[in-house]
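**Q** Working from the sequences, and respecting the hints, build out all of it.
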Amino acid sequence: MIHSLFLINASGDIFLEKHWKSVVSRSVCDYFFEAQERASEAENVPPVISTPHHYLLSVYRHKIFFVAVIQTEVPPLFVIEFLHRVVDTFQDYFGICSEVMIKDNVVVVYEVLEEMLDNGFPLATESNILKELIKPPTILRTVVNTITGSTNVGDQLPTGQLSVVPWRRTGVKYTNNEAYFDVIEEIDAIIDKSGSTITAEIQGVIDACVKLTGMPDLTLSFMNPRLLDDVSFHPCVRFKRWESERILSFIPPDGNFRLLSYHVSAQNLVAIPVYVKHNINFRDSSSLGRFEITVGPKQTMGKTIEGVMVTSQMPKGVLNMSLTPSQGTHIFDPVTKLLTWDVGKINPQKLPSLKGSMNLQAGTSKPDENPTINLQFKIQQLAISGLKVNRLDMYGEKYKPFKGIKYMTKAGKFQVRT
Amino acid sequence: MAASPAYGEEKGGSSSLGEPEYGHDPASGGIFASDYKRHDDLKEMLDSNKDSLKLEAMKRIVAMIARGKNASDLFPAVVKNVACKNIEVKKLVYVYLVRYAEEQQDLALLSISTFQRGLKDPNQLIRASALRVLSSIRVPIIVPIMMLAIKEAASDMSPYVRKTAAHAIPKLYSLDSDQKDQLIEVIEKLLADKTTLVAGSVVMAFEEVCPERIDLIHKNYRKLCNLLIDVEEWGQVVIINMLTRYARTQFLSPNQNESLLEESAEKAFYGSEEEDTKDAKAEAASLAKRKPYVMDPDHRLLLRNTKPLLQSRNAAVVMAVAQLYFHLAPKAEVGVIAKALVRLLRSHSEVQYVVLQNVATMSIKRRGMFEPYLKSFYIRSTDPTQIKILKLEVLTNLANETNISTILREFQTYIRSMDKDFVAATIQAIGRCATNIGKVRDTCLNGLVQLLSNRDELVVAESVVVIKKLLQMQPAQHSEIIKHMAKLTDNIQVPMARASILWLIGEYCEHVPKIAPDVLRKMAKSFTNEEDIVKLQVINLAAKLYLTNSKQSKLLTQYVLNLAKYDQNYDIRDRARFIRQLIVPTEKSGALNKYAKKLFLAQKPAPILESSFKDRDHFQLGSLSHLLNAKAVGYQELPDWPDEAPDPSVRNVEVPEWTKCTSREKRKEKVEKPFYSDSEGESGPTESADSGESHHEPESDSEESGSSSSSGTSSSSSEEEDEEEEEEGSGEQSEEKEGEEEEEKRKKRKEKGGLRKAGSPQPLSPMGWAWWPMLSCGPWQLLSPAFGAVRTYELLHRMAGEGLSVEYCFSRRPFPGDPHMVAVQIQISNNTDAEVKSLRVSEPKLLAGMRIQEFPEIESLAPGDTASVVMGIDFCDSTQAANFQLCTHTRHFYVSIQPPVGELMAPVFMSENEFRKEQGKLTGMSEITEKLTLPEKCRSDHAIVQQVTSAANVGRVPCGADNEYRFAAKTVTSGSLVLITLEWREGAAAQLTVNSEKMVIGTMLVKDIIQALAQ
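Chains A and B, in that order, give the protein sequences.
What the first sequence shows, in numbering that gives the first Met the number 0, is residues 0 to 417, in sequence order.
What the second sequence shows, in numbering that gives the first Met the number 0, is residues 0 to 1014, in sequence order.
Source of the hints: derived by calculation from the structure; they are not laboratory data.
Pairwise CB distance ranges, derived in the manner of DEER restraints: (1) Ser243/A / Ser841/B: 44 to 54 Å; (2) Gly385/A / Arg366/B: 30 to 40 Å; (3) Ser321/A / Ser611/B: 38 to 48 Å; (4) Gly959/B / Gly385/A: 30 to 40 Å; (5) Ser243/A / Asp940/B: 24 to 34 Å; (6) Arg408/B / Gly385/A: 28 to 38 Å; (7) Ser243/A / Ser112/B: 49 to 59 Å; (8) Arg408/B / Pro136/A: 52 to 62 Å; (9) Ala601/B / Ile197/A: 43 to 53 Å.
Bear in mind the structure is a predicted one, so any value in this text is a computation, not a measurement.
For every residue, glycine included, the Cβ atom is placed at its ideal position computed from N, Cα and C.
**A** Here it is as structure tokens:
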């Protein structure tokens, strides 16, 4: 299956290589560099590249290319999904996954990779199992290790590896037992020129942070489970129970994990919480254009919209922009032609706006297309679909845990065409 | 050179010896010198007694390896530490060894004994990692040692070690493929393993070593299906892909009838004229010839057990299930995968890329599936270009008469995008929509013509190419457009577009007689500066004009041909020569000259704009080969459905396999009970907490169903635990019995009272599971009275049997060992005055698909004695008789058993709601209703229930309404539901309704029940 892995940074240096079978020369990456050159941007590099003797499958995350080399037929998603899992694991271990972090912890990285694959086939990918095999580096542990000479490597087979709940280790102990659930919904929408919605859907996730002693068995029920149209679960969720009763029943992993991601059925009309009024004009004759946008709240259920951020990719012909915002700060990058306006909170009494003019390249004709506006925002304490958790119960343990549920709505891929 | 210091050190023993040698080497550059120095201090550190120094050294070495620096000269120093006590040092040494052992085979051998010791370690992690490293050292000499180690590890107590053994198999195979036969044995053994941990890895090994040995899967097929949900994600992917291939070889196509229908329908839809009536007739004939399709229960099992995995968080698993459904499911069921695939579009862009490729292929075959999700494929300006183009492909595939206007409106926005590659692709897409959907052809054409005045040359060029293709469909109406395009030749520079315009003018020069020669004049002027592709078209245009309008263009043509004659490109020179000979009449010119006009101006068929994803589905979806549209190394072809299904009985597991397991392991395995796919119901506390999820069959627990049984549960619980123990041992058998076993238990509980009285032996021994030879006791009492009097049938009359009389009855207990068989209890009485010896069944004559499980031979039967045995017959849900011979040591008797239809089923327990729900699904053809009059004695609840249950082996379903009786059962072979409703109206009138997808069974059952009630 997976033969080798190369990590390549933005400037095209291979800064880590790992082989699970015979060594593949790093010159195989030349094919990748070729493809990279052809693609103008990093995300346009094809994820699958065929070379005479190998296939290169890559993912691009945190400004690093993770390039897997394979030799024989294998489902491409298998490799891609695995590479993403590798990145997630690094993030879990080191907090962030960056070139510097990987270089600093190269031995741990190597040990982790060694455990994750055996002969190119995944062996242990659950992060709690890995963490028992190879303990994540912390400053305290480094100090202790240098003094006592103990190691970061576990010498017993992690209990999870053999149990029916491989995602949870045994013997977890906490003094404060707590379980937090964040219901986060994202609105993906395309709004057309006139302000009407072309497509809008709500995707949600429930992220959990569970710190409970022992082997708790949790059930979580919703007031309105019918809202959930399509769901995907963490392996810990008992599927049959969901099928029959629409209840999430599970023995949770320890720590942070994504319990559920869901899609709200398309029949429900999606409330769009913001609107954008825009007036962007390029005139044919003059080299000046007008630019004016206003952002306002629409259906917010009485909540404030925060963290509003407007970005827009301006056409190539725009040389500079002189704009004045009524609030927040804005930046126009004349090289990438990217306009960013950090708006902040929306005050319904005084709507934020950004007005001014654009300097166009003299002599060129006006651009065909008006730029699209991408919007980001956050609304606290609101799940826009109306999803509500009914109750959370714990079985199997005696103590009383502290439970908390938080709702949030965010913009996903929210785009306004102008 | 790299290796030499290593050897030097080995000989010298001290590192200081090597140092001056390299330090003063003038040839090695500064960097290298310092490198070697550093290596020397590493060696020193490795030689020290302190673990911390060793660890530090190893960490630095591993960091070197990670950066791709060569550290092979340190091999001897490192390999010494392979037996180090410190586990982290040891691990890093392993990492080093695996990396360099191949290059330094002799030295690597030094480490082998350490691993061999490690293989015997009491700690399973150490055993496993020793095997992992041993098998990863690619040194051919140790192949026999590896083989031995793998064989040993394959029967290790620890499933983790067994998993490692499975991983080691492909490693050894790639090192020495001669070991294949031995490895297959190990694979066979590991395939029989029941733990989920091993399943994925061994199937992986199977796929790499012997994917052609499909026969190894038969016995494990049901187990794999049932375990699937508990296997780790990566194993699931491999197993699902393998099972897809397996199912293609073993089952019949669920769409065989439809595909024929669809084909002819499609032909009609596209209105292809050459459709042959003969063809249609042949099709109709073959349609009629086909038998009605019944899905193999194993096929159904696979579909049912993979479906929940569509909810997996792992995109690879979702894709694997999606491709399985696409390739194996009946057409009506494929739709379920669309939603899950659309969900994956929210994932990382690499995942999107792969998923969209597959969706593009699927959307050609099954457009309806993705139509509801049309808007999910709308393109955002922030999508990467490669994603945009794939989405466009899908949108184009989904376009039809009803949604084309929305799609075109969407396309209009895309055309104004800043991403020009994407705009070009959009124009192509519009062209395809226009060719496929006649209604919008003119609209599209007008839109494209407008684009001709676009400022961007790429856009114009692409439009020209597409317009050219569209115009070919109806050139006569569009001479205006052709004129407009002729004007463009002055401005447009893109060669492909110029060539297209020229071809168009040449082809339709009769529509634009005035303009065409002028265009040729212009082109002749610029001929030398044109691209090759344009030059060829100029020659082409000249030739066509010469043939149609030689007066105006004769000289021009000559001129162009002369220019071409001296062109640098030999293709062009060649073409010019060829055309001159063909069109210009000379004395020597051949016979073809006359036909020149016909050759050049022949009616040309319009091009068909097709998706590049068409016919890609002959590759297994989700595979690398499909994505690349080329066969990748090691790709396993997806076989076509067989015409005749191979024998399904190969998947039956008859003999419980007794694995030698220590009691310790047994205990462990008990803990390891699968998390979701638990077949053994009420045991652990967790399972009892979520009893709802443990069965796919809608059964409420027996605790609620009857008061008598609840008391039985507590009393029999100890015994049941014994049974449970046994099930663990009997392994696969118990796993596949699943629900049936549940039922059996429940029934047994009910029967317990009767059983004890009768004093019949409890099936406790493992043999007991396979056979219940119950000698000389009254077996007829076995059944609880709720089932009414059991009817016995005669198999052999004492006259015909020369004193031997045989009777049989349907015991209505599940036949142990095979849930698809009906248990037939046979009572043999010896009425002769001699001993009858070796009574047995032989030479069964069965219809296709029917199977028989004979009873074990009865060695002897004393005069006057009676023996009772059980045999199992799979009647394939038909009432055809099973014929066989009953043999004694002297005689053969031909006998046959014909089952009443009511015995072909087993009761199921369901709630009223479930009953209604199922009934709702089985209407129309599957519903049979009959009116009847109840005789006097049959007008009480008790009598009705008794009569119905005696006529058929069904279970009563609770019912809220008075005077209504409901019963439910499943047919034994295919497991299809049979639902019976009896409505008792006023007086004697009643109505009987039977719902079942097996219509024959339904009809016969109605008849039987009415007869039973009338008696």
